[in-house]
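So the chains spell out like this:
4 protein chains.
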Amino acid sequence: MILVMKSGATQEEIDKTAQQIKTWGHDVSISKGEYQVVIGIIGDKQDLAGKPLHTLPGVEKVLEVSAPYKKASREFHPEDTVIDVQGVKIGGGHKAIIAGPCSVDTYENLILVAKAVKEAGATMLRGGAFKPRTSPYSFQGKGEEGLKMLVEARKETGLPIVTELLSEKDIDLVYQYADVIQIGARNMQNFALLKEIGKLGKPVILKNGIASTVKEHLMSAEYVMSGGLNDVILALRGTRSYETAMRNTLDVGLVPYLQKLTHLPVIIDPSHSAGKREFVSALGYAGMAIGADGMIVEVHPCPSCALSDGDQALLPEDFDYLMKKISKLESWNQKEWKKEFGSMQSSQLLKG
Amino acid sequence: MILVMKSGATQEEIDKTAQQIKTWGHDVSISKGEYQVVIGIIGDKQDLAGKPLHTLPGVEKVLEVSAPYKKASREFHPEDTVIDVQGVKIGGGHKAIIAGPCSVDTYENLILVAKAVKEAGATMLRGGAFKPRTSPYSFQGKGEEGLKMLVEARKETGLPIVTELLSEKDIDLVYQYADVIQIGARNMQNFALLKEIGKLGKPVILKNGIASTVKEHLMSAEYVMSGGLNDVILALRGTRSYETAMRNTLDVGLVPYLQKLTHLPVIIDPSHSAGKREFVSALGYAGMAIGADGMIVEVHPCPSCALSDGDQALLPEDFDYLMKKISKLESWNQKEWKKEFGSMQSSQLLKG
Amino acid sequence: MILVMKSGATQEEIDKTAQQIKTWGHDVSISKGEYQVVIGIIGDKQDLAGKPLHTLPGVEKVLEVSAPYKKASREFHPEDTVIDVQGVKIGGGHKAIIAGPCSVDTYENLILVAKAVKEAGATMLRGGAFKPRTSPYSFQGKGEEGLKMLVEARKETGLPIVTELLSEKDIDLVYQYADVIQIGARNMQNFALLKEIGKLGKPVILKNGIASTVKEHLMSAEYVMSGGLNDVILALRGTRSYETAMRNTLDVGLVPYLQKLTHLPVIIDPSHSAGKREFVSALGYAGMAIGADGMIVEVHPCPSCALSDGDQALLPEDFDYLMKKISKLESWNQKEWKKEFGSMQSSQLLKG
Amino acid sequence: MILVMKSGATQEEIDKTAQQIKTWGHDVSISKGEYQVVIGIIGDKQDLAGKPLHTLPGVEKVLEVSAPYKKASREFHPEDTVIDVQGVKIGGGHKAIIAGPCSVDTYENLILVAKAVKEAGATMLRGGAFKPRTSPYSFQGKGEEGLKMLVEARKETGLPIVTELLSEKDIDLVYQYADVIQIGARNMQNFALLKEIGKLGKPVILKNGIASTVKEHLMSAEYVMSGGLNDVILALRGTRSYETAMRNTLDVGLVPYLQKLTHLPVIIDPSHSAGKREFVSALGYAGMAIGADGMIVEVHPCPSCALSDGDQALLPEDFDYLMKKISKLESWNQKEWKKEFGSMQSSQLLKG
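Residue numbers (the working numbering), protein chains in the order written: chain A, 11 to 362; chain B, 11 to 362; chain C, 11 to 362; chain D, 11 to 362.
Read the hints as simulated data drawn from the structure, not as lab findings. Predicted, not measured: the structure shown is a model, and the values here were computed from it. Any given hint might turn out to be false.
[Claimed, not checked] The calculated DSSO-like cross-link candidates involving lysine-lysine, where the alpha carbons are at most 27 Å apart (straight line), are: (1) Lys205(D) with Lys105(A); (2) Lys335(D) with Lys125(D); (3) Lys205(D) with Lys205(C); (4) Lys334(C) with Lys270(B).
[Said to hold, decoys possible] Here are the in silico distance ranges between beta carbons for each label pair: (5) Lys71(B) with Gln96(A): 41 to 47 Å; (6) Tyr185(D) with Glu154(C): 53 to 59 Å; (7) Gly103(B) with Phe149(A): 38 to 44 Å; (8) Tyr185(D) with Lys71(B): 38 to 44 Å; (9) Gly103(B) with Leu183(C): 51 to 57 Å; (10) Thr116(A) with Pro88(B): 39 to 45 Å.
[Said to hold, decoys possible] Away from chain A, derived, C-beta distances all over 10 Å, residues of chain B: (11) Gln21; (12) Glu23; (13) Ser39; (14) Thr133; (15) Glu162; (16) Arg250; (17) Ile336; (18) Gln344.
Glycine included, each C-beta is placed from N, C-alpha and C at the ideal position.
Model the full assembly from the supplied sequences, consistent with the hints where possible.
Shown next as structure tokens:
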């Protein structure tokens, strides 16, 4: 942490502030500029997280300098985390393709999709049994009946199943059936739920919030991890902006950015990002091109009879086409780039 | 609902689409323009909420024309809702001032604040026992011990108590002590929680989400109300934008806007909006000036020892100053404005 | 400036970076934390503005600590600037109300409005002769003919005239007639135009950009002021967000925030902020309540025949009502607040 | 256009409104729903652009149904526009790679970069001689001297040159040297400038504004095209959001979205989007993967001695690596997708 003092801060204020920080168990390093004094706090420990640094005498700004997410940070865990879901791996070069209907409706549709996506190359099956809907009058999901259908589909195809958990109450129920637990955008900061699932043993896909920052996304992963679970997959489903062309705004540049900050796998959700079937495949292709560790995508045999988000569902043949394109795609490899060019800046400077 | 067809939509597509809508039990009215055809759906019932209108053949856009929130809408409930909290009223001209610490820390601080805010004119006491914190390593609240302190403070001052509920698991505990249940920004779309509290009998303050729209805020109120509860207070705590001058961006113009759409009371939260004590009072004053039904504001005797959000807490004397200013303020009265000027537009046109 | 080094920065990188800064004529102060090194640059001069600090070896972040706008900053000019427009003052406690049609259309309408707003208490007359329109097919303004009508209206009423300048080419023409030059949102960063008008002698109203930050707004004022002109008025017309309830999002908290950073007068534009007549008055009232140095508001006798932005124009009687309300309003006085409470934080801390 | 009437609109209001529209020369089609009446305006001509439809009696909302940009729209010009710049083509399958320094500094650097990017496969050379800088104290460009250096570099390499125009005053000067005129984000709505360049004969690259919508971007292209020029290239350089991970937020999904709406070529600017060299290449790769018609990218031999935006410049060898990767990349082809799947939705419905 660095405290930037107000330009007119008095020596008394500087002393009081330094004193207070020492009381909290930290050393300080005071650096005086022409107009301003800066106090560096040495030993940037997590126990300062709750301290009211802004209110100390004469303080203008408080600047964080190291990541407040420790378990999620690559700083303290340089190797990629590889998560194993019933033999299907994700992270560290293993790409996972998770496909299936937005919500489970009929058994026939589910099996049809499950077989089709498996055939096309998907490695896991998604399907919602509990649905977070903006309106209380919209279809809310099939509940346990839907979970049971997913289990049947797993039996038929061998694909591990991914499904959303909405409520602390449903934890026992959902954990009984699912292989991977999905936490949606609206619950990204439902901290009570995050704490609970962090104590349990199944991998979690954590989507970013509707307008969360990258840092908040990582802090929510940290909530889960602080419970003991390491198997967290970060999913990018776009964020809200004033632009309504796509359903949400997905900056695929965040894929390599996140991969730099964290060792956890990072996947994209082109369905919720684009929001219109017409652009889902193109966006999924771009996300895989930039090096995502996988994607989660909605597929339905009859989008116009889907009970939720039919607008964004790919048709099975459509998904097959996308998978064929992806299979021939050489993804960008940021690690390789870094090895070749990451250190050139400073050497260049010496010439410059 | 109105369906705008693509400019090249064929007669066959128009017919199929009209046919499908009739299958769902609605009549249609087809209107042909020079370039485009528009299909109006007659009998705009809630059972269309889940239908995949976007995917019908030839459809370009789906336009909603009436509010999807029925219970919260002023359209179907023209009179202001007045909520009575242990004799303290809010709505319909009654203004409520809810003040107290962000989180309950020591009993001494709480009682000191409770007495001070009561003295200054507050009508309810706020205080957090369960705190939603971005970091799992920050102070998470005193829990039941905090709730008990609030009850003591209520005994001392007679002020009803407002406290936040974070988790379905804590419902029984919190309802045992609190007079008003607060749902924070991060849980505005925790639909599982909203459904539960809608079945219970205590008034709810529902804050807007971090980047929610007005419509989503109302839809979340509708979730609570669909459970049976009518006593919902909407609180504006600002939303996220690229600007970091204030902690959040509060457009106080949303106060009269919301009051037009809904019969529920609308209050402001200048503490979370401004985020810095220095601007909290000014913003609170502006919000009361434009006609909010009240405000919820953080007050702490020693901001620098507060365990959360000390930066934005007013000092007790500070709050007293604000209350004195507000007591002399004549709020804008949008209803009065509407009575005088609301219908002038059309009469003016006749002259024009 | 402060350079925060990467956590693994080598001693060689630190030395190279420190060396480079010294080459640019600045001393450094190096402060070592547990994980990170921070380099403070002493003598925070403007000539570092163009230097590629981010690219120095081992640098993680560059933090600015003092305002890059010197002429606009209150730091170097503590007293409020009072601008005198033909005897009408604004700033330092003088409030200016600028009213009139969005665009000048007919002479009859203009005179009718000019007399009405003068009667109601306006101190200047606004009216557009050159209009920036999103569509090239929309009405683009009356040009010189409009300027001449404004001059006539000034003769009739004595009100100084405020009009928008869109193009470098029109500078001579507009300066011949106008008393105050308005620069709109779309030209806030038309630096070529800002430089030109900074060399001329008439006061300027500079609106914020469509999604500008407070800092960018001040930097654009600095562009004008770097030409020599001191008479700049900052106008807040709201910014773009995902919310479409109002035309733009105006956070009136930015009024005291800006007044803290700059000595220039700060006014609000409730017409472009709210965008709908129904909410313009309420928002204008809130903006004056929080202490704006004035407002600029659109008034038209027949909104439905206005050639631009009729939706947001107040009727003359409507404006009169607003002015009567404002005349009885006691504005928030942030300076008074600061005098009473601004220093309490630190004294409180001593007790805490 | 469609007018949605208020739910309580009277027959008199409906009649008056219909009457007024007929006065403006348009037929109407009135459609009555259960709660609401909708008036369709037949003959959606551009002369309604300036009409105050919102203020007509009883009108709740005005909905646009067809594109207000006619010349830029694919609706009226289905074939891709192919622009020829001195033999270098862009659009309709021809991809253009425009590379070079942010601003021209020394002749040595420029020639070094020009040769290097040509060697690597660039088809045009970019370089700024006039720079729009947020601070008036930052380097503002070399002016005519810079333009002359670009001409020299063109002679050496044969690459056509692209350079930014900031001011109406510099039009003659810049047109004398440049092959393609670039209009930057800050001038996207400098309508005076757009009108002027639309009358001249050189191709224009129009970047999107800092927070412009896709529609506004197209409307600005329409401004240029309404002057007579057809050769407009749209460049996506990202927009502002609350997220600061990247310099701007670029949703590459807008590439196929724009290509659907317009026949003009669409390129990406990964340098200003990512803002940090480390992510520029990855983002450029993703943008080309999704099917952009080209890219404009900053390359400098010594980023730390660049006079502007050194942070985001690729090194020449870095650019070469990117180009090699791109040469092996199979871009997504949305037209091919559309041919195979674009019409499946409705046929699927018939089965459903």
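Comparing the hints with the structure gives:
no. : hint                                 : result
1   : Lys205(D) with Lys105(A)             : 50 Å, violated
2   : Lys335(D) with Lys125(D)             : 19 Å, holds
3   : Lys205(D) with Lys205(C)             : 21 Å, holds
4   : Lys334(C) with Lys270(B)             : 24 Å, holds
5   : Lys71(B) with Gln96(A): 41 to 47 Å   : 43 Å, holds
6   : Tyr185(D) with Glu154(C): 53 to 59 Å : 27 Å, violated
7   : Gly103(B) with Phe149(A): 38 to 44 Å : 40 Å, holds
8   : Tyr185(D) with Lys71(B): 38 to 44 Å  : 41 Å, holds
9   : Gly103(B) with Leu183(C): 51 to 57 Å : 53 Å, holds
10  : Thr116(A) with Pro88(B): 39 to 45 Å  : 43 Å, holds
11  : Gln21                                : 19 Å, holds
12  : Glu23                                : 13 Å, holds
13  : Ser39                                : 22 Å, holds
14  : Thr133                               : 27 Å, holds
15  : Glu162                               : 24 Å, holds
16  : Arg250                               : 5 Å, violated
17  : Ile336                               : 24 Å, holds
18  : Gln344                               : 26 Å, holds
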